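Undergrad: Listed here are the chains, written in short residue letters.
Number of protein chains: 2
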Amino acid sequence: MKLAPTLSTLILSFIIGSSSLFAAEVVKPAPNGINLPAGYKDWKVISISHRTDNKTMRTILGNDIAVKAARAGNTNPWPNGAILGKMVWKQKSEDNWPTAIAPNKFVHAEFMFKDSVKYKSTGGWGYARWKGMDQKPYGKDKNFAQECVACHTPVKANDWVFTTPAIMP
Amino acid sequence: MKLAPTLSTLILSFIIGSSSLFAAEVVKPAPNGINLPAGYKDWKVISISHRTDNKTMRTILGNDIAVKAARAGNTNPWPNGAILGKMVWKQKSEDNWPTAIAPNKFVHAEFMFKDSVKYKSTGGWGYARWKGMDQKPYGKDKNFAQECVACHTPVKANDWVFTTPAIMP
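Protein chains in written order, with numbering that gives the first Met the number 0: chain A, 0 to 168; chain B, 0 to 168.
In case anyone wonders, no lab produced these hints; they're calculated from the structure.
Please note: incorrect hints may appear among the correct ones.
No copy is singled out in the list; a pair is fine if it fits within one copy or between any two copies.
To be verified - List of simulated lysine to aspartate or glutamate pairs, EDC-like, C-alpha gap at most 16 Å:
| id | residue 1 | residue 2 |
| --- | --- | --- |
| 1 | Lys-155 | Asp-94 |
| 2 | Lys-40 | Asp-133 |
| 3 | Lys-43 | Asp-63 |
| 4 | Lys-27 | Glu-109 |
| 5 | Lys-40 | Asp-63 |
| 6 | Lys-54 | Glu-93 |
| 7 | Lys-89 | Asp-52 |
| 8 | Lys-89 | Glu-109 |
| 9 | Lys-135 | Glu-109 |
All of these numbers come straight from a predicted model, not from anything done at the bench.
In isolation and in its complexed conformation, chain A is listed as follows (with noise of 0.2 Å):
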């Protein structure tokens, strides 16, 4: 009986340490600076969306400056310090009540940052996504917010938003 760790096993369990480590804690900033936010798992919910046409299903979170302007119905334009978080996911049956869609595989989460001044040069709010379920930066280079706002230009006299944050009591 061998109660001590072999050279192999030490060196095994430091690889697998490390890898965690480094999945757990280090989610490289997007191109152009920006890193993820903090807890945005645990932000409020300002709206969800089902998009037919990528057959994607959306929750659209907001930090406390963004919920607060949501609810007080103070978007156009949104505060600065807004930031709006979507978490995006493929589409599937919901497994217990086929008629009803559900989300399946992580596609991404994606922010939009709202400060007038640092971001003019992008509308006021300042891009970033991060693909997978390991956080992979989107983007080749700095400039990559370019597609972002050329998306977002049909929404321009909206401040650039999309969504229309859901009603609720």
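Got chain A; can you put chain B on it based on the hints?
TA: Showing chain B alone in chain A's frame:
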């Protein structure tokens, strides 16, 4: 010019003031005695769904015990103290992206309260629902929950819960 309010104006103001106060502060308990959980709109997201059979959109929220259990995969059974809440809206096309389905008029908020002792007669869950923007309790008398249990019976093996928690990084 009359500067002083008339008696009728004063009475009207009193009635309006009282009604607003009532709507904002008093939500009646469900017929089984369950009270609307304070601050449920601020709970974290567990999943979302689009029910194509009755054209509604739903976000499934949880109190801290429920969210912790959902994230740990500890949902069969859910732990005592867990509360699941659903906000339900009629569907509409998103104003700014017509192929997206989004929340329209608010329908109701409904809840399941896990307590395997207190709610043993209804499968270990207490049920309650508040309808509309004025949050009127659902159900004629305390036996209303039999309707909930009947509908949830197909998912008895899933601890009576339809929702599958969404996968998140």
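Undergrad: Given a CA cutoff of 16 Å, do Lys-27 and Glu-109 count as a within-copy pair, a between-copy pair, both, or neither?
TA: within (14 Å within a copy, 39 Å between copies)
Undergrad: If the cut is 16 Å between Cα atoms, do Lys-40 and Asp-133 qualify within a copy, between copies, both or neither?
TA: Only inside one copy: Lys-40 and Asp-133 sit 15 Å apart there, 29 Å across copies, limit 16 Å.
Undergrad: What label fits Lys-135 with Glu-109 when the C-alpha limit is 16 Å: within, between, both, or neither?
TA: Classified as within; 11 Å inside a copy, 37 Å across copies.
Undergrad: With 16 Å as the alpha-carbon cut-off, assign the pair Lys-43 and Asp-63 to within, between, both or neither.
TA: Both. Shortest intra-copy (8 Å) and inter-copy (13 Å) distances satisfy the 16 Å Cα cut-off.
Undergrad: Checking an output row: Lys-54 and Glu-93, CA cutoff 16 Å. Within, between, both or neither?
TA: Both: 14 Å inside a chain and 15 Å across chains, each within 16 Å.
Undergrad: For Lys-40 vs Asp-63, is the C-alpha pair at or below 16 Å within one copy, between two copies, both, or neither?
TA: Answer is both: 13 Å inside a copy and 13 Å across each meet the 16 Å cutoff.
Undergrad: Indicate which option fits the pair Lys-155, Asp-94 if close means a Cα-Cα distance not exceeding 16 Å: within, between, both or neither.
TA: between (39 Å within a copy, 14 Å between copies)
Undergrad: Between Lys-89 and Glu-109, at a C-alpha cutoff of 16 Å, which is it: within one copy, between copies, both, or neither?
TA: Close inside one copy (15 Å), not across copies (26 Å); limit 16 Å.
Undergrad: Is it within, between, both, or neither for Lys-89 and Asp-52, if the alpha carbons may be no more than 16 Å apart?
TA: Within one copy, since 12 Å is at most 16 Å while 20 Å is not.
Against the hints set out earlier in the document, no violation occurs for any number.
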